[in-house]
Amino acid sequence: MASFVGAFAASHGPLLIREWEAVPPGEKSRLKNAFEELGRRLKSAKPDVLIVVSPDHWSNFFLDNYPAVCLGVGAANEGPPEPWMKGFAHREIAGHPGFALHIAGEAMRAGFEPSVSHRLKLDHGACIPLWRMGLETLPKIVPMLLNSIEPPMPSLRRCFDWGRLLASAIQTYKENIRVAVLGTGGLSHSIGEPTMGAIYEDFDHETIRLFSSSEDSLISYLEDELPRRGNGSEEVRNWLVAHGAAGGRGFELVDYLPVPTVIVGCGFASWRAS
Amino acid sequence: MRDYWLSKLFYDLQSPAAAAEYRAERDKVLDRYRIEAPVRRALAENDVPFLAQRTNAYLLRYYFFATGMKDDEFMRRLRHG
Chain A
87 MASFVGAFAA SHGPLLIREW EAVPPGEKSR LKNAFEELGR RLKSAKPDVL
137 IVVSPDHWSN FFLDNYPAVC LGVGAANEGP PEPWMKGFAH REIAGHPGFA
187 LHIAGEAMRA GFEPSVSHRL KLDHGACIPL WRMGLETLPK IVPMLLNSIE
237 PPMPSLRRCF DWGRLLASAI QTYKENIRVA VLGTGGLSHS IGEPTMGAIY
287 EDFDHETIRL FSSSEDSLIS YLEDELPRRG NGSEEVRNWL VAHGAAGGRG
337 FELVDYLPVP TVIVGCGFAS WRAS
Chain B
9 MRDYWLSKLF YDLQSPAAAA EYRAERDKVL DRYRIEAPVR RALAENDVPF
59 LAQRTNAYLL RYYFFATGMK DDEFMRRLRH G
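Which chain is which? The protein sequence lines are A and B, in order.
So for the first sequence, this note's numbering puts the first residue at 87; every next one is plus one.
So for the second sequence, this note's numbering puts the first residue at 9; every next one is plus one.
Derived by calculation from the structure, the hints in this document are not laboratory data.
Predicted model, so just to flag it, every value in this text is computed and none were measured.
Careful, some of the hints might be misleading.
[Said to hold, decoys possible] FRET-style restraints, in silico, Cβ to Cβ:
#1 T75(B) <-> D150(A): 39 to 49 Å
#2 D302(A) <-> P24(B): 43 to 53 Å
#3 M87(A) <-> A25(B): 46 to 56 Å
#4 K260(A) <-> A28(B): 47 to 57 Å
#5 S303(A) <-> A45(B): 43 to 53 Å
#6 Y12(B) <-> E261(A): 42 to 52 Å
#7 R104(A) <-> Q61(B): 25 to 35 Å
#8 P24(B) <-> D150(A): 37 to 47 Å
#9 K129(A) <-> F58(B): 43 to 53 Å
#10 H88(B) <-> E261(A): 27 to 37 Å
All C-beta atoms in this analysis are idealised placements derived from N, C-alpha and C, irrespective of residue type, glycine included.
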């Protein structure tokens with residue numbers, strides 16, 4: 087039987103790559119340490135499969151059809167299409183069709199209705215954390231692309247419930263594999279709107295605090311605050327999936343720092359497998 | 009509100025080859041999309057607030073990144089036109 091071995095979360099702002107050299111040394115050092123600490127924790131969990139929860143930044147989907155959730159069920163997915171991500175070594179990333187299709191089947195049975203794709207492009211949202219965590223070899227990646235880019239988006243409660251569903255699907259998978267979850271993006275940032283560049287530190291700190299409280303308090307706070315905290319902050323949905331997968335407990339902040347150079351309140355966290 | 013064809017242009021210009029063609033022969037590329045005259049004028053004038061009302065914020069940023077506008081200038085135009 088499969089086992090859940092931990093959940094993780096990390097920011098993925100593009101300027102972490104494109105403007106890396108411009109990041110002040112003190113912040114650069116903390117960012118590097120935080121990514122590497124997450125990498126150490128992930129490696130020590132020894133996952134065979136990593137479910138990576140990320141938005142699709144218009145790499146696969148367009149207005150013709152933008153799914154709320156798409157699971158990557160193929161044997162392989164493509165590396166990031168962005169030219170500035172060419173330094174990421176993995177151009178073809180192995181998936182785990184058996185487990186991914188099991189999740190999709192369990193989801194349908196539970197009243198969730200994801201779309202599926204047999205070949206996705208995994209853009210910077212998925213790949214910046216994988217890159218910066220310094221993983222020499224990648225576990226098999228099951229992508230879960232969750233819309234936090236184009237309204238309407240899945241409800242925050244639904245995202246948490248998706249995490250619970252992942253946990254249940256892990257428990258019911260027959261093969262003896264170790265599975266971890268990585269939620270990417272956040273915390274606060276604002277992209278392509280008049281508040282672009284804003285980082286809402288008070289929102290970030292309260293969100294982080296509430297990850298150690300009840301999920302009702304966390305979700306209620308986010309429902310109230312997200313509409314005025316920058317469109318990029320919507321990516322906290324991916325953290326909610328990780329939180330749900332961990333049963334809503336065991337949250338540990340690795341680091342948080344607002345980084346104006348990359349215009350993101352950068353957050354890094356893990357959840358213990360209980 | 010979403011202007012489908014404007015958004016499609018921005019989406020397509022994520023390809024470096026398409027962006028290079030757009031920078032070299034903008035009118036030729038625009039002729040392939042059903043973009044209305046006021047929108048086409050806004051593209052010519054880099055009228056960021058006008059375009060922002062008609063597309064996704066991430067696509068808007070990609071477009072101006074692809075056409076070479078620095079983030080500082082993009083943010084200034086977002087706020088002040």
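Status of the hints after comparison with the structure:
no.: 1; hint: T75(B) <-> D150(A): 39 to 49 Å; verdict: 24 Å, violated
no.: 2; hint: D302(A) <-> P24(B): 43 to 53 Å; verdict: 46 Å, holds
no.: 3; hint: M87(A) <-> A25(B): 46 to 56 Å; verdict: 48 Å, holds
no.: 4; hint: K260(A) <-> A28(B): 47 to 57 Å; verdict: 50 Å, holds
no.: 5; hint: S303(A) <-> A45(B): 43 to 53 Å; verdict: 51 Å, holds
no.: 6; hint: Y12(B) <-> E261(A): 42 to 52 Å; verdict: 44 Å, holds
no.: 7; hint: R104(A) <-> Q61(B): 25 to 35 Å; verdict: 27 Å, holds
no.: 8; hint: P24(B) <-> D150(A): 37 to 47 Å; verdict: 22 Å, violated
no.: 9; hint: K129(A) <-> F58(B): 43 to 53 Å; verdict: 49 Å, holds
no.: 10; hint: H88(B) <-> E261(A): 27 to 37 Å; verdict: 57 Å, violated
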